[in-house]
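On the provided structure of chain A, position chain B as indicated by the hints.
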Amino acid sequence: MLTFTFRRLVLSIPTLLFISLAIFMLLQMAPGDPMAQVPLTVPPDVKQKMREALGLGQPVHVQYWKWLVQFFWIEPQVFIDWLTRESWTLGWLPDTSFAEGKLRVISWQTRGPVMSLVVQSLPQTFWVVGMSYVVGVLIALPVGIYSAYRHYSIFDQTGTFITMVGFSIPPFFTGPLLIVIFAVQLGWLPSTYNTVHQVVDWDSFVIQMKQMVLPVMVLALQTTAQISRYMRSAMLDNLKQDYVRTARAKGLRESVVVMVHVLRNSMIPVVTVIALGIPAIFGGAIITENVFKVNGLGYQLLIALFANDIPTVMTLTFIFAILIVLFNLIADVLYGVLDPRIRYD
Amino acid sequence: MTDAPLKTPEPTVDRVSEAKSSSQWRDVWKQFKRHKGAVMGGGFLAFITLFVLIGPYIWALEATKLDIRAKDMRPMYTVLWNGEAKVGWAHPLGTDQLGRDLLSQLIEGGRASMAVGWAAMILALFLGTTIGVLAGFFKRMDFWLMRFTDLVLSLPILPLLLVAVTLFRQPLRANFGPEMGMFILIVGVVGITSWMQTARIVRADVLALKEREFVLAARSIGTTPTKIITRHLIPNVMSPIMVSATLGLATAIITESALSFLGVGFPSDFPTWGKLLSDAVQRMEQFPERVLLPGLMISLTVLSVNYIGDGLRDALDPRIRGR
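Note that the protein sequences, when read in sequence, are chains A and B.
Counting in our numbering, the first sequence tops out at residue 369, every number present.
Counting in our numbering, the second sequence tops out at residue 1421, every number present.
Treat the hints as calculated values from the structure; they're not laboratory data.
Treat the hints with care, as some may be off.
With beta-carbon atoms standing in for the labels, derived distance ranges [as the list claims (entries may be wrong)]:
| id | chain 1 | residue 1 | chain 2 | residue 2 | range |
| --- | --- | --- | --- | --- | --- |
| 1 | B | Leu1305 | A | Arg109 | 29 to 39 Å |
| 2 | A | Trp97 | B | Ile1290 | 43 to 53 Å |
| 3 | B | Asn1273 | A | Asp225 | 52 to 62 Å |
Stretches of chain A that chain B covers, calculated by requiring three or more beta carbons in the stretch to come under 8 Å of a beta carbon on chain B [stated by the list, open to error]:
| id | region |
| --- | --- |
| 4 | 41–49 |
| 5 | 191–202 |
| 6 | 325–333 |
Glycine included, each C-beta is placed from N, C-alpha and C at the ideal position.
In isolation and in its complexed conformation, chain A is listed as follows:
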């Protein structure tokens, strides 16, 4: 198992390199000019100098190489510096200064490091997306289990119908719909997500929870729909197996049969589906983040795209790619760990 994990880790490096190259080449073909916003009174030779200052004068492969160095070599150094200086886990170590004076990936919009943009928006994405995924999974599992156990019952029929609907309604429709119902008509919840809100006491915590309800609901509906369908079909497959009959014949209680024997076997595919769905939900959260104005990664990506801010777009897209490759790996490894019948070597 360890060799398999290691082999997959090594294999994911060329994959990531290829993906970064693909994104880079796509962005190279972009017709947009980062100087488009500069006033027309600026003379052309000054504009040319500004372009060169942004690193645009060099050939393509040099630009790509510089980005690679910045992303994989300098940014980790910055991270190590931060760890030894400010973080409370490793702050006792002597201060390092690996990244002193080195050029980081700079956003063309803010003229600041892209990574600080990422660090700012990552918590919002994690809070909203992560919370919605947890809520979605927590609802989906019992629904899936019960509707498989009571196959063709009213609960199963309604559950299947609702998951089908949740599957089909796009988030850019549920989002505005929920805003109209809960924020405008009923006035219970805020319609947008206030990203600068700080949790200091109980009241502000309640406000934070309130503003998270709507985006979490929208995202959780999608998650619930997908995962409960998987859970239901996995349970259905296992409930028909012979070992279930044996367990019942032995006189085991029904709750033990279903919740221990069947559930543990059915969880194997479902756990991998849950792991595989995590990067997809980050990507899909772009729409939800836009509907509720959550200042997360997806929102930043869209702003950067419209502003022709190529380094930010490149870095953010690549972060999404890293998430996908990472969780694919986790899903594969989990599958092997959970199911002893699967042997990769």
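Just chain B now, kept in the frame of chain A:
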């Protein structure tokens, strides 16, 4: 008709062989009919298709025609609870802030959304089937094609779609006109980014099929690989292809609407369902129907397509079909 000689006089024969012999597709249709949701979905999809196809001939009002005097009209049904609402039979579903008729916009927008959906689905199926069959049939290409499929599967699709659409909007618009250019672009990017599942399923099926005796028989009488693929393999992998076709249609419609919603879709005077929805979001407190109606159209179409896919999957699975 032709089954008369099949009947055997022995009384011990079981009932299956006495039953009228039927082709595979008739069995599939019989099973499909038993799935209530799938039949309703099929009916609704047919209705929507007819609605957008012959709608413009019945409701001949132009979708992009401005009529500023008749702006902000409400749909007829608002009279039920609000007698003073500005309604009229000239615009049964109301008009938007520029006086464009909502019904004809829905018809016109449906045409665009459905056209994008079908075209992108067909492109994705074509790519997926080609790559899947090639990888399954020719051993030499298998490794590289499947590595390529895995690579594409690990690309962040929605961010890349956004990037591609924003970047290539201008050149394609300049070459093919604003609407056609956008159509080509969206169909292209959605098709290119959604063929992978089809390719995987088709490859797995082809790998199993090509070891079967009928392929060996075909090969032994000198059938060329091209003929084996087109005559023997493709018809046998039709069922997974059809199931992924329904999924592809649903995804393509949603993706197009999502792109329009994020503001990178078709130009603003060209209605699609997603575009109508996103344009109306700002004023949805006063005019909820402008969000609800296009949103319902998208959701119901996707729902019906998903139900058809569900029914097809059950109908095409021989393990379930017998029951």
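Hints and how they fare:
1. Leu1305/B / Arg109/A: 29 to 39 Å: 56 Å, violated
2. Trp97/A / Ile1290/B: 43 to 53 Å: 32 Å, violated
3. Asn1273/B / Asp225/A: 52 to 62 Å: Check passed, 59 Å falls within 52 to 62 Å.
4. 41–49: The restraint on the region 41–49 of chain A holds, since 4 of its residues have a Cβ under 8 Å from chain B and three suffice.
5. 191–202: holds (count 8)
6. 325–333: holds (count 4)
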